[in-house]
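Please model the complete structure; the sequences and the hints are all you need to start from.
Note that the protein sequences, when read in sequence, are chains Y and U. If you count the first sequence from 1, position 126 lands on 126 in my numbering, and the numbers rise without skipping. If you count the second sequence from 1, position 74 lands on 74 in my numbering, and the numbers rise without skipping.
Honestly, I wouldn't trust all of these hints.
No more than 30 Å apart at the CA atoms, straight line, and that leaves these computed lysine-lysine pairs for DSBU-like [said to hold, decoys possible]: (1) Y:K125 to Y:K73; (2) Y:K146 to Y:K72; (3) U:K47 to Y:K95; (4) Y:K72 to U:K98; (5) Y:K95 to Y:K73; (6) U:K122 to U:K98; (7) U:K114 to Y:K146; (8) U:K122 to Y:K73; (9) U:K114 to Y:K95; (10) Y:K73 to U:K81; (11) Y:K72 to U:K122; (12) Y:K127 to U:K114.
Okay, the calculated bits of chain U under chain Y, using three or more residues with CB under 8 Å as the criterion [to be verified]: (13) 42-56; (14) 100-107.
Reference listing, derived: stretches of chain Y covered by chain U, where coverage requires no fewer than 3 residues with Cβ under 8 Å from a Cβ of chain U [what the hints assert, rightly or not]: (15) 63-69; (16) 98-112; (17) 132-146.
For the record, the hints were derived by calculation from the structure and aren't laboratory data. Nothing here was measured: the structure is a model prediction, and the numbers come from that model. Backbone N, C-alpha and C define an ideal beta-carbon position, used for all residues, glycine too.
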Amino acid sequence: MALIRWHRPETARWDPFRQLSSLHSEIDRLFEAPLSALTAGLQPFTSGWSPALDLHEDKDNFTVRAELPGMKKEEIEISLHDGVLSISGERREVKHEDSGVHRSERFVGHFQRTLALPSAVDADKVKATYEDGILTVTLPKTEAAKPRQIQVKTR
Amino acid sequence: MNAVAEREKTNGTQVLQPERTYVAPEVNIFESKDQYVLEAEMPGVNKEGLEITLQDNILTITGHRADQPIGGEPLYRESRKADYRRVFELDPGIDGEKISARVDQGVLTLTLPKAERVKPRKITVA
Numbered sequence: 001m002a003l004i005r006w007h008r009p010e011t012a013r014w015d016p017f018r019q020l021s022s023l024h025s026e027i028d029r030l031f032e033a034p035l036s037a038l039t040a041g042l043q044p045f046t047s048g049w050s051p052a053l054d055l056h057e058d059k060d061n062f063t064v065r066a067e068l069p070g071m072k073k074e075e076i077e078i079s080l081h082d083g084v085l086s087i088s089g090e091r092r093e094v095k096h097e098d099s100g101v102h103r104s105e106r107f108v109g110h111f112q113r114t115l116a117l118p119s120a121v122d123a124d125k126v127k128a129t130y131e132d133g134i135l136t137v138t139l140p141k142t143e144a145a146k147p148r149q150i151q152v153k154t155r
Numbered sequence: 001m002n003a004v005a006e007r008e009k010t011n012g013t014q015v016l017q018p019e020r021t022y023v024a025p026e027v028n029i030f031e032s033k034d035q036y037v038l039e040a041e042m043p044g045v046n047k048e049g050l051e052i053t054l055q056d057n058i059l060t061i062t063g064h065r066a067d068q069p070i071g072g073e074p075l076y077r078e079s080r081k082a083d084y085r086r087v088f089e090l091d092p093g094i095d096g097e098k099i100s101a102r103v104d105q106g107v108l109t110l111t112l113p114k115a116e117r118v119k120p121r122k123i124t125v126a
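Pasting the structure below:
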């Protein structure tokens, strides 16, 4: 999460898009944004875009979900190396040649998130889908990593 | 602080929806001589989840996430279950009837054309 929002200087003096909810709401937004991205320790804090990641586990798979709105699927790079999943890409700026800018909150530029997976996965069977701006990566566990039932015998 | 903000957003009427929280989506707003363009980022929202209303000059954008449930235990979670909402007061020069919307990969793009009488016009001197 970028603590410092980058604003282009306003080009028009009168801002027709005034938000109804005022400063109150802006401060709420600052506090609402997940601080876990800073304190999680999964990667060093770099200024810029840090898309939100979720990691789920069931008995057969790990599922990683990343919020990446406004990308094309060709622009997203996913790689897996030594049990560390890396998701990166670049969001290019769409030039609006003949337009002035009133607000510019959307991040533009390169992003990268890495995630160390708790146990081994089968790299050949990893699948990813991108829908509604959400990237879902499914990583099947290797047989050795799946939980096994252990029978308790009584004498 | 959250409870007070919720009441503000619902114009003072008491809405009993304890689970409903909203997050404001990030937006870009551009203006050219013919129109405004507004882009709002709402990952997880598709056409079915979008509500865009215009009343007087107040534009309200609400996006409901279509989150497919993921099986298994969450080990680590940064995303939030909240839906998206943001309210704008529009330039009265915008032609409300001609606003069009498109959504692609979680990004809503609204095109708001200016009404004819408001566009800059050259006035020729006879």
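Results for each hint:
At most 30 Å may separate the alpha-carbon atoms for a hinted pair to count; Y:K125 and Y:K73 meet this at roughly 19 Å. For the hint linking Y:K146 to Y:K72, the alpha-carbon distance of about 34 Å lies beyond 30 Å, and the restraint is violated. Between U:K47 and Y:K95 the alpha-carbon distance is near 25 Å, which keeps this suggested pair within the 30 Å criterion. Straight-line distance between C-alpha atoms of Y:K72 and U:K98 comes to about 28 Å, which keeps the hinted pair within the 30 Å bound.
With a C-alpha separation of about 20 Å, the suggested pairing of Y:K95 with Y:K73 holds against the 30 Å cut-off. Taking the CA atoms of U:K122 and U:K98, the gap is near 24 Å; set against the 30 Å cutoff, the hint holds. Distance hint between U:K114 and Y:K146 is unfulfilled; the C-alpha atoms sit about 60 Å from each other, more than 30 Å. Proposed proximity of U:K122 and Y:K73 is contradicted: the alpha carbons are some 45 Å apart, above 30 Å.
A hinted pair counts as satisfied when its Cα atoms are at most 30 Å apart, and U:K114 with Y:K95 qualifies at roughly 21 Å. Taken as a hint, the Y:K73 and U:K81 pair is honoured in the structure, with Cα atoms around 24 Å apart against an allowance of 30 Å. Between Y:K72 and U:K122, the direct Cα distance comes to roughly 41 Å. Violation of the 30 Å bound is thereby established for this hinted pair. For the proposed pair Y:K127 and U:K114, the alpha carbon gap of about 45 Å is over 30 Å, so the pair is violated.
For a cut-off of 8 Å, the count of residues in the stretch 42-56 of chain U with a CB near a CB of chain Y stands at 5, and the three-residue condition holds. Under the rule that three or more residues need a Cβ within less than 8 Å of chain Y, the assignment of the stretch 100-107 of chain U holds, with 4 such residues. Here's how the stretch 63-69 of chain Y fares: 5 of its residues keep a CB closer than 8 Å to some CB of chain U, so the rule of at least three is met and the hint holds. Three residues within the 8 Å Cβ limit are the bar, and the stretch 98-112 of chain Y against chain U gives 10, so the coverage statement holds.
With a threshold of 8 Å between beta carbons, the proposed coverage of the stretch 132-146 of chain Y by chain U holds, since 4 of its residues qualify and at least three are required.
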